[in-house]
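Participant: Residues per chain, in single letters:
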Amino acid sequence: MLKWLEKNLPKIVMAPAVGLIGWFVYGFVLWTLYISFTNSKILPKYELWGVGQYVKLWGSRKWLIAVDNLLIFTALFLIFCVVIGIILAIFLDQKIRAEGVLRTIYLYPMALSFIVTGTAWKWILNPTLGIQKMFIDWGFENFTFDWLVNREMAIYTIVIAGVWQSAGFVMALFLAGLRSVEDEIVKAAKIDGANLFTVYWKILLPMMRPVFFTSFVILVHISIKSYDLIVALTQGGPGISTTMPALYMTQTAFHKSQVGLSAASAMMMFMAVAAVIIPYLYSELRRENAR
Amino acid sequence: MQDKIHSSYKQLEQKSKYTNMFLRWFLYFVLVVFALYFIFPLYVMVVTSLKTMEEIRQGTLLTWPSGLNFDSWLVAWGGRGYGAGDTFLKPYFWNSIKMVVPAVFFSTFIGAMAGYVLTKWRFKGDKWVFLFLLFGCFIPYQAILLPMARTLGVLGISNSVIGLVLVHTVYGIPFTTLFFRNFYVSIPSELVKAARIDGAGFFKIFFKILLPVSTPIIVVTIIWQFTQIWNDFLFGSTFSFGEAAPIQVALNNMVLSSTSVKEYNVDMASAIIAGIPTLIVYVLAGKYFIRGLTSGAVKG
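Note that the protein sequences, when read in sequence, are chains D and Y.
Residue numbering for the first sequence follows numbering that gives the first Met the number 0, beginning at 0 and increasing consecutively.
Residue numbering for the second sequence follows numbering that gives the first Met the number 0, beginning at 0 and increasing consecutively.
Isolated chain Y (complex conformation) (with noise of 0.2 Å):
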């Protein structure tokens, strides 16, 4: 049967060879100008903020830069070097870089426990307790903003790193339970079955079995953290203002700062430079990229 499949289908191929090869070169040329429009922005961010301020004026958004100036870029990381009104990057990535380790790191380590917990220790009512974790991956973070601002207030943490990493491991569980839980459940359970009569405790059962192939799972739930919190506007505007501000929170003040002349050249520059290491983290992992997408990309 398979085989009398395959040969007719065979024979259907070569009769409609012509109409096939039309079709390709229409197919390719669809997939190319939609790959156009995709990588148009980014074409004109990297020569935007290669041109001077002159060039940009004279030229168009598809003109290629004189040359490789980086000026902008050093403007955009470094500021001109005058004081008040000089703002630049470099404090607010390395503010970006204090809130994420720590909040990716604790929001992966609770996730991977509470899996481990609902999966190989299953206890009455487990399914309700995920539930209820899994609904946290869903609110309108505009039904806590107010409360929680008056916490991080009250805590004495508002405008702080530290406030911000509170914050993102706190919404972060939910997600990182959810990776794990989904990535145990297929883990046999017999493993930890016998492991139990032969007397290993909750960790030593963990850190034995269950951690040495997490691997993948870890991969995943790191990127995708690493990219939600990188990437959030909304509780870094909130929550800090002023020089404990994440990255995007200044790049868009930077942008948005009404100076004499508007220099497109350093916002541009600017753009990149504050989306440059979740760019570089896809095109390093987009494998895991992409799984922690389609298994968790219901936050907004």
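Pulled out of the complex, with its shape left as it was, chain D reads as follows (with noise of 0.2 Å):
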């Protein structure tokens, strides 16, 4: 017994991580799917009722807005945070004199919460007391800016709020990147004639194919899964126009008492992060066995 015990202790202490993964990811994983295919409102039921819930949501208007304002979040946050990151990572890599406090003042935004920082905007963006009074009262009198509460733009606020907030750590992935290049070879591309600019857009950004990609898998996951950040900026306002799914999913499950429905929802948010996930794992894991 006492041997068996010491022979199997390893696989013993690793058990309660495993399990505790088994059923809280995947057994509720499943759980949730299995709910995506009934007819389930307040209460789950049982019984299979095929794919309606699936049909009932691509059918929703406020589903399909949650999808739009996805994919415009997605991609103007990707392009200004990656931007914004890209140029911040290579001016602080010219031997910059506080380089340390000006690191720090990009990257603090996200030490903070998305409710923090949302809390935050609103007020800056609020149209009666914020910006657009800053420039009333600057002598800009026809200055308006009332995204937030404008329909059609309020969406705008939202990656105005969340590049704020993560720009600065795409810098950081990119910085570590580029301070791993040997000096070297950019000295040799000097002396072949080569400037500045072309040192970078030819040769150094090539290299920084992976930091491109881990950043992508990472901007990609923050966006479909934020919630937070609307919570507190929009409420999903004016009417539903800052919808997103996982505001959705929530107000179906826990207002609107339609768990079927929200299930599909999430199921669909699962099946978007896999997309960008598995390959991801893929590609890293061989290169972790090609070491």
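These are computed hints drawn from the structure, not numbers from a lab.
Please read all numbers here as calculations on a predicted model, not as lab measurements.
Just so you know, even glycine gets a beta-carbon here, dropped at the ideal spot from N, CA and C.
Please note that a few of the clues may not be correct.
[Unchecked claim] If you want the ones that stay clear, here's a sample from chain Y, every Cβ over 10 Å from chain D, calculated:
#	residue
1	M20
2	D70
3	G78
4	W93
5	K192
6	D197
7	F206
8	P211
[To be verified] Quick look at which bits of chain Y chain D covers, simulated, 3 or more residues with Cβ under 8 Å:
#	stretch
9	27 to 41
10	135 to 145
Hints are included, so try docking the two chains, each in its own frame, into the full complex.
Facilitator: In structure tokens form, the structure reads like this:
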């Protein structure tokens, strides 16, 4: 008995982690998947009902708006975070004085919660006392900036706050990537007559392909999951104009008590994330095995 | 060869001195402009929290406050002293502390053990077990919210701090395992093998050989878990409302509550109070914070 215990101790120690994840991640996802095929309302029902919830989901105007918003948000969030992140990383890489201070400033939003970020930007962007008033008081009397309460433009306020929060993170990833490149490569290129721009555009940035890939995966992941920022900034409004899938899911589940429908929306999010993550994990594993 | 490269590089540097000077001014200009963009909201939050509502209405976002007036901070933290409808952060701040401390401890401990086994007591199929756990880093939590809500109900711990400790411990395990596994992989296994030949057991090897060198990764893990759990809103708002709510939920409720007059100064003071613990950690231990971010920032 004791011998058996000793021999299997590592596996016994491993068991809680595997058991908890098996139950709370895999078991729960399967449960959600099953429920998405039932006609559950307030309480889960276990008779299968087919793909009715998915048909209902893709026929719902609110869900289509949510998906639309997700696409707009993801595209802009990605572009701005990556462009700003790369510019800051390259500029900081030029033996800048006070680099430490600047880096700290660019990255501190990552330490704040989306609720804090949302609260701050909501105040800054509010039309009565925020930025709009600032410009009017400075003498630009016709200045308007009412995106937060404008159906068409409200989604872009979420982009502004999201980029503010995450651009510094991309900067950190690229700075680490640039620093890992041998100095000699850059010097050799310069002797061959390449200017700084060509060095970066032709040599260094193409070398950063893995960093691009990582940033892409992480940013898309953040944007599919975005929930807190919308709750704090717009609550999905004005109207339902800034709804996104994560918000749709919780509202359908906990306010409208449409458990089956919300399970279907959760599974759509799950599949979207899987489509991005599985290739990523695969390539990471291959890289590790190749080492 | 090396020397040749260096000397011709020096010549090149001399030639382009003037272009360089212009370029450097441009560099600093862009960097400072971005720094202002990132600093702006924090500045606005701090000055707004120090103003009276009267000052807020008369000035602009950037106006300097007339004095150091901490009234809104006191209201945000301890309320105005009347009974019903007086929401303030103090009790929820403590809820968050009571939630964060055990959840960080348990998830770090379980992750350290799992990372130790996966690297130093390898067994057949351990790579698959790691992958099995790793996938937990990526799932969108919407896919587990519904069964989790029911499970907490069945266990009788919905709407309680204990329930949130359980949730955060479980969903932290993939990250903590990832951190410790990647760290222990780089520690030579020869040490462990030698100790095993000398007859040292599973726990003795962990405590005598691995734990003493684990300080950096423990710091990274604790900071990562602390930041994630402190800043969580999804789990907090779904599984715990009312009195057991963590601080982010309370902050959101305070800001959204539609009382007659919107007090932006109190809102900003509240937001700063909710953000200060993680900001302090970031400023004091930025290096470890960034290390955690770059190796585990897949969680939204």
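Participant: Which numbered conditions among the earlier hints are violated in the structure presented, ordered from lowest to highest?
Facilitator: none
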